[in-house]
Amino acid sequence: MERVEVCVRDGKLIGIVEEGIYGDRYVAFRGIPYAKPPVGELRFKDPVPPEPWSGSRDASKYGNIAIQIDIIKSKITGDEDCLYLNVFTTNIKSSEKRPVMVWIHGGGFYVGSGDSTFYGPDYIVEKDVVLVTLNYRLGVLGFLNLYDEVATGNQGLKDVILALQWVQKNISEFGGDSENVTIFGQSAGGVIVHYLTLSPLSEGLFHKAISQSGTVLCPWAFTEPKSCSTNKGFLLAKKLGKVTEDPKVVYEFFKTIDAKKLIEVEQKFLRTEKERLQSLLSFTPSLDHESSNPVFPEDLTTLIHRGVKVPYLLGFTNCEGLFFLRNNYECINKKALSQIDSDFELAIYPTVLPKLPITLCQLRSLYFGDKNISEETLANYINLLTDMFILRGIMQVVDIQMNNDNCGKTYLYQFSYESETSLMKKIFNIDFPGVSHSEELSYLFYPDIIKVLGLSVPASDSEDYKMINRLTQMWTDFAKTGNPTPVITDLTPIKWTPLKSGNVYDYLDIDVEPRMKVFRKGEQRWAWENMNNISYDYSVYKI
Numbered sequence: 006m007e008r009v010e011v012c013v014r015d016g017k018l019i020g021i022v023e024e025g026i027y028g029d030r031y032v033a034f035r036g037i038p039y040a041k042p043p044v045g046e047l048r049f050k051d052p053v054p055p056e057p058w059s060g061s062r063d064a065s066k067y068g069n070i071a072i073q074i075d076i077i078k079s080k081i082t083g084d085e086d087c088l089y090l091n092v093f094t095t096n097i098k099s100s101e102k103r104p105v106m107v108w109i110h111g112g113g114f115y116v117g118s119g120d121s122t123f124y125g126p127d128y129i130v131e132k133d134v135v136l137v138t139l140n141y142r143l144g145v146l147g148f149l150n151l152y153d154e155v156a157t158g159n160q161g162l163k164d165v166i167l168a169l170q171w172v173q174k175n176i177s178e179f180g181g182d183s184e185n186v187t188i189f190g191q192s193a194g195g196v197i198v199h200y201l202t203l204s205p206l207s208e209g210l211f212h213k214a215i216s217q218s219g220t221v222l223c224p225w226a227f228t229e230p231k232s233c234s235t236n237k238g239f240l241l242a243k244k245l246g247k248v249t250e251d252p253k254v255v256y257e258f259f260k261t262i263d264a265k266k267l268i269e270v271e272q273k274f275l276r277t278e279k280e281r282l283q284s285l286l287s288f289t290p291s292l293d294h295e296s297s298n299p300v301f302p303e304d305l306t307t308l309i310h311r312g313v314k315v316p317y318l319l320g321f322t323n324c325e326g327l328f329f330l331r332n333n334y335e336c337i338n339k340k341a342l343s344q345i346d347s348d349f350e351l352a353i354y355p356t357v358l359p360k361l362p363i364t365l366c367q368l369r370s371l372y373f374g375d376k377n378i379s380e381e382t383l384a385n386y387i388n389l390l391t392d393m394f395i396l397r398g399i400m401q402v403v404d405i406q407m408n409n410d411n412c413g414k415t416y417l418y419q420f421s422y423e424s425e426t427s428l429m430k431k432i433f434n435i436d437f438p439g440v441s442h443s444e445e446l447s448y449l450f451y452p453d454i455i456k457v458l459g460l461s462v463p464a465s466d467s468e469d470y471k472m473i474n475r476l477t478q479m480w481t482d483f484a485k486t487g488n489p490t491p492v493i494t495d496l497t498p499i500k501w502t503p504l505k506s507g508n509v510y511d512y513l514d515i516d517v518e519p520r521m522k523v524f525r526k527g528e529q530r531w532a533w534e535n536m537n538n539i540s541y542d543y544s545v546y547k548i
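The sequence shown begins at 6 in this note's numbering and counts up one residue at a time.
Just so you know, the hints here were simulated from the structure itself, not pulled from any lab data. Careful, some of the hints might be misleading.
[What the hints assert, rightly or not] Mimicking BS3-like on lysine-lysine, the simulated pairs with C-alpha atoms at most 27 angstroms apart in a straight line are:
hint : residue 1 : residue 2
1    : Lys132    : Lys500
2    : Lys314    : Lys102
3    : Lys485    : Lys505
4    : Lys414    : Lys78
5    : Lys500    : Lys314
6    : Lys273    : Lys50
7    : Lys340    : Lys78
8    : Lys339    : Lys102
9    : Lys231    : Lys360
10   : Lys314    : Lys414
11   : Lys431    : Lys339
12   : Lys485    : Lys526
13   : Lys485    : Lys314
14   : Lys414    : Lys376
15   : Lys231    : Lys247
16   : Lys231    : Lys273
Hey, can you work out the whole structure from these sequences and the hints?
Next comes the structure, spelled out in structure tokens:
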């Protein structure tokens, strides 16, 4: 087995040469600590840089993942000591420094990791970039906010920021260019990318950004400050037997509880039946003004409206809502649809309700007309979920980018490529047309899990392979130049033009034949405020 040595600030690493899934070789350095283990007195605290080590550290294997429920096996996995990153490249001795892409995984802030289960480097590293993937703390361990200095929230975001600081200090040792770093992520990872573009703490740590299917304005991306009676931290303490309104008591109590127990109770028992039906997330980013080093020193709305200053690429799949039908990864059933039919409020994410620009009755009418909510109108329900969970939040950010002269060039996409071999549809047993939330990921990354499922990678003469090549080309071209289509080729035959101010949104429809298309402002299904301008043909959405 061929090994490669690199010296970073904290010590010597021994990486390994791997054979890529399509035959190209790359060098992998896995399980690199970028912070001290966040255990003991460091639980719920800001991450701190790691202790240097003496001698050589084996970097051939992934580090521990954050504690979470394994969604395939439905059991608790991972470790509290989880702050590790991985670096992949085809050439650490490159004569020219290579652009760096830092991947931030999604998973609703409560599952996921940077390892190759879903995010193998094989496809991206072929395009002459240095790829970094990472873990951050999840759930209550990553996002507990008691609105007191003992637990100020956003620990998971600060983990990612520390990892980016590590990249700045060390990536040149792997042939990477610390002055050309692109952060990219999907779902909660896309949200974290957007947060980082807004926070002064991460200024200068990256130069371009990609948010796939998630921004700060998605309703599940942020937790508003709450009273003790509704703060999930205090409620979790109560579930575990400690009833108090004193944050310091909760903090000290939580430090005595086994980390896996904390996550297990959070995931299995914290939410009410109604909250489960609404897909409520318990712990997400929040305002951290009690921190001596806050991610958000100002009001979040102020930060959001300043816009993203670096070149920004964002978008969504054409049927995101398919994924959100799966309430906690169990498909929504007749009983649940019947409950929603009799109480439509159950269909709406809790933070959306107080901000609805139209009445609940009007919203229901917009998606269902006078029809019942049932298996016959499942497609209409999927459209509602698509718009509520993803599209409205993305398009509000797009509006800010279009109307702010200080923003970087912004590129919008819709991913419409449908494949019979879709990995996500197989994993989540989706047999409905359309491209679900997260389906584009298996064209950017080689997911190791396909071996477990007994599947094979796309043949090199297949449409799937062409999509892998196209998507990785555009994403890495954007990372290299700030432009996803700097040259027109067979692979990228269309010039992807950025958004411009006006009444239309220009976007690239990514499909077998990619095309530039437009959405007209105020006339789209997700533009609830303009309900009278929206034409919704119910017959189209019948199953």
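Against the structure, the hints come out as follows:
{"no.": "1", "hint": "Lys132 with Lys500", "verdict": "20 angstroms, holds"}
{"no.": "2", "hint": "Lys314 with Lys102", "verdict": "24 angstroms, holds"}
{"no.": "3", "hint": "Lys485 with Lys505", "verdict": "22 angstroms, holds"}
{"no.": "4", "hint": "Lys414 with Lys78", "verdict": "42 angstroms, violated"}
{"no.": "5", "hint": "Lys500 with Lys314", "verdict": "22 angstroms, holds"}
{"no.": "6", "hint": "Lys273 with Lys50", "verdict": "24 angstroms, holds"}
{"no.": "7", "hint": "Lys340 with Lys78", "verdict": "25 angstroms, holds"}
{"no.": "8", "hint": "Lys339 with Lys102", "verdict": "56 angstroms, violated"}
{"no.": "9", "hint": "Lys231 with Lys360", "verdict": "17 angstroms, holds"}
{"no.": "10", "hint": "Lys314 with Lys414", "verdict": "8 angstroms, holds"}
{"no.": "11", "hint": "Lys431 with Lys339", "verdict": "22 angstroms, holds"}
{"no.": "12", "hint": "Lys485 with Lys526", "verdict": "31 angstroms, violated"}
{"no.": "13", "hint": "Lys485 with Lys314", "verdict": "17 angstroms, holds"}
{"no.": "14", "hint": "Lys414 with Lys376", "verdict": "43 angstroms, violated"}
{"no.": "15", "hint": "Lys231 with Lys247", "verdict": "19 angstroms, holds"}
{"no.": "16", "hint": "Lys231 with Lys273", "verdict": "22 angstroms, holds"}
Checked against the numbered hints given earlier, this structure breaks hints 4, 8, 12 and 14; the rest are met.
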